[in-house]
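Chains as they are written, first to last, in this note's numbering: chain L, 1 to 200; chain P, 1 to 203.
It is worth saying that the hints were derived from the structure and are not from the lab.
Treat the hints with care, since some could be wrong.
Within a straight-line C-alpha distance of at most 30 angstroms, the following computed DSSO-like cross-link-like pairs (lysine-lysine) qualify [to be verified]:
#	chain 1	residue 1	chain 2	residue 2
1	P	Lys141	P	Lys59
2	P	Lys131	P	Lys191
3	P	Lys26	L	Lys162
4	L	Lys31	P	Lys59
5	P	Lys62	L	Lys31
6	P	Lys59	L	Lys162
7	L	Lys72	P	Lys26
8	P	Lys60	L	Lys31
9	P	Lys59	L	Lys72
10	L	Lys31	P	Lys191
11	P	Lys60	L	Lys162
12	L	Lys31	P	Lys141
13	P	Lys131	L	Lys31
14	L	Lys70	L	Lys162
15	P	Lys191	L	Lys66
16	P	Lys191	L	Lys70
17	P	Lys62	L	Lys162
18	L	Lys162	P	Lys141
19	L	Lys31	L	Lys70
20	P	Lys191	L	Lys72
21	L	Lys31	P	Lys26
22	P	Lys26	P	Lys62
23	P	Lys60	L	Lys72
24	L	Lys162	P	Lys191
25	P	Lys141	P	Lys26
To list a few chain P residues with every Cβ distance to chain L over 12 angstroms, as calculated [what the hints assert, rightly or not]:
#	residue
26	Thr123
27	Asn171
28	Gly175
29	Thr178
All residues carry an ideal CB built from backbone N, CA and C; glycine is no exception.
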Amino acid sequence: MKNILTVSLVAALGFCIWAPSATAQEVATAKTRARMIRAFCTTGPCNPGTNFDSGSALVNRMRQPKPLTKRKIGRIRLHGVRSTPLPSALSAVLTSRLVWDTIDPDGDCPVLGADTSETLATGSLFCTQQGGHATCGGDLLVPLGLLDPRCTDVRLTLHDMKFEVYQFNMVGNDAARIAVDGVSIVPQDIDCSSGGSGCP
Amino acid sequence: MAKLVGVAVAALLLFAWPDPGAAQEKGTASVRLAMARAMCTTGPCAPAYNFRTGFVQFKKQKQPRPLTRREVGVLRLDGVSSTGPPLPTVLDGVVSARVNFATTDPDADCADTGADLTQVVATSTMNCRTKGPTSSSCRGKLVLSPGVFSDPNCTDVQVFLSDIVVEIFENGGVGDDTKKIARNGALVIGKTPDCNSGGSGCP
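Work out the full structure: start from the sequences and follow the hints.
Put into C-alpha cells, the structure is as follows:
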C-alpha cells in the first residue's frame, strides 16, 4: 500500500513538474507603451503648423472577448501641443497587421489563418488648453464590425502596430499628420567634434 | 490705426506660428514594447521554441549619450520552452528602424543631415538561464550597431526613429525567418466558447 502511494505521488509530481511544452504562447502580452514623435517634417509630409513636446500611446493587455465588448484597447496622449489656433480635438488611428491563428475550436471563424493589415483602432483626442499650449488625449477604440463574434475563441497576434495623430477628422491626409510613434534623440548645442560637453 | 492693428496682428501671428522646421525639443521617454511569437500561424518561424512573455525597453536618449554609451536598452524573453531541441543558452536580438536625421545642423558638418534610412540600429546577445526543467529566461542588453550614431559631427543633429521592428532569433540565425522566435507585437488570447456560442462576458 505504501509503495503504491509513493509511486502515485512520484507520478503526480512528475506530471506537474514536466508539463509538455505548449505549442502556442499562452499568456496575453503585457501592455505596450510607445512614444510619439513629430511626423516626418524633416524629409516628408507633415502638418508644419503644429508641434508638441511629448506624447505616448498605450495598448492594454487584451483577452477575448474584451476587444469585442468594451472596444477600448488603449489610449493616446500628446502634451505641449502648440499651433495657432490651439486645437480643440485631434484624430488618432492605430493600424496593425492582424494574424489569426489556424485553430478554431468550433470551426466557425471565417478569418481563420488570415493575415491582413487593418485599421485596428481609432480615437478622438480632446484637448484642454493651458497657457499657450494644449494637452490632448483620448481612447483608442476598435471599429464596430472589425471583430467577428465567431472569432473570439481564436488567438490573434498583432504585429507592425503604427500609431498616428492627425488634425481632427483628417486621418490619412499626410499634410495633416502631426505625430507618429517612434523615438526622438535630442541633439546637443555643440557637437562632439567641436568640443561639446560630455563627449569622449 | 486699422493698418497698425493689422500689422500688429500679422506680427503676432508670425511669431506665434510654430516654425515649420522647429524640432520637437524634448527627447522621448523610455519605450516598452511587448513581444509576441513570430508568425507561426501563417509564416515562417522557429516552430520548436515558444515563450510566455517578453518585452524590449529603450531608454531615453539624449546626445552625446549614444556616442559615449552604446547600451540603449534591454531585451527579455521569459518562459522560453522547447518541443524538441535543448533549451537555448543564447538568443540573438535585432532592432531595425527608419532613421531620420533632421535637416538642421548648427555647424553644417554632419554628413547624415536630412538622411532617411532604414537600417539595423541595435543588436543584443541574450543569455539564457534555465528556470526548471522545461523553461528558461533570456535577457540581454541592447547595444547600438557599429557605425550607428557614431559620427561626432552629428551629435548636434536631432534624430528620429520610427517603424521600429524588434526580432529575436535562435543563436546564429539572424535574418533566417525559420529561426525567428519573436517579434514585437501583441497577442490576444482567445476564449472558448466564442461569443456566437454563448461565451461568458459576451454582449
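Checklist entry - Hint by hint, which ones does the structure fall short of? => result none
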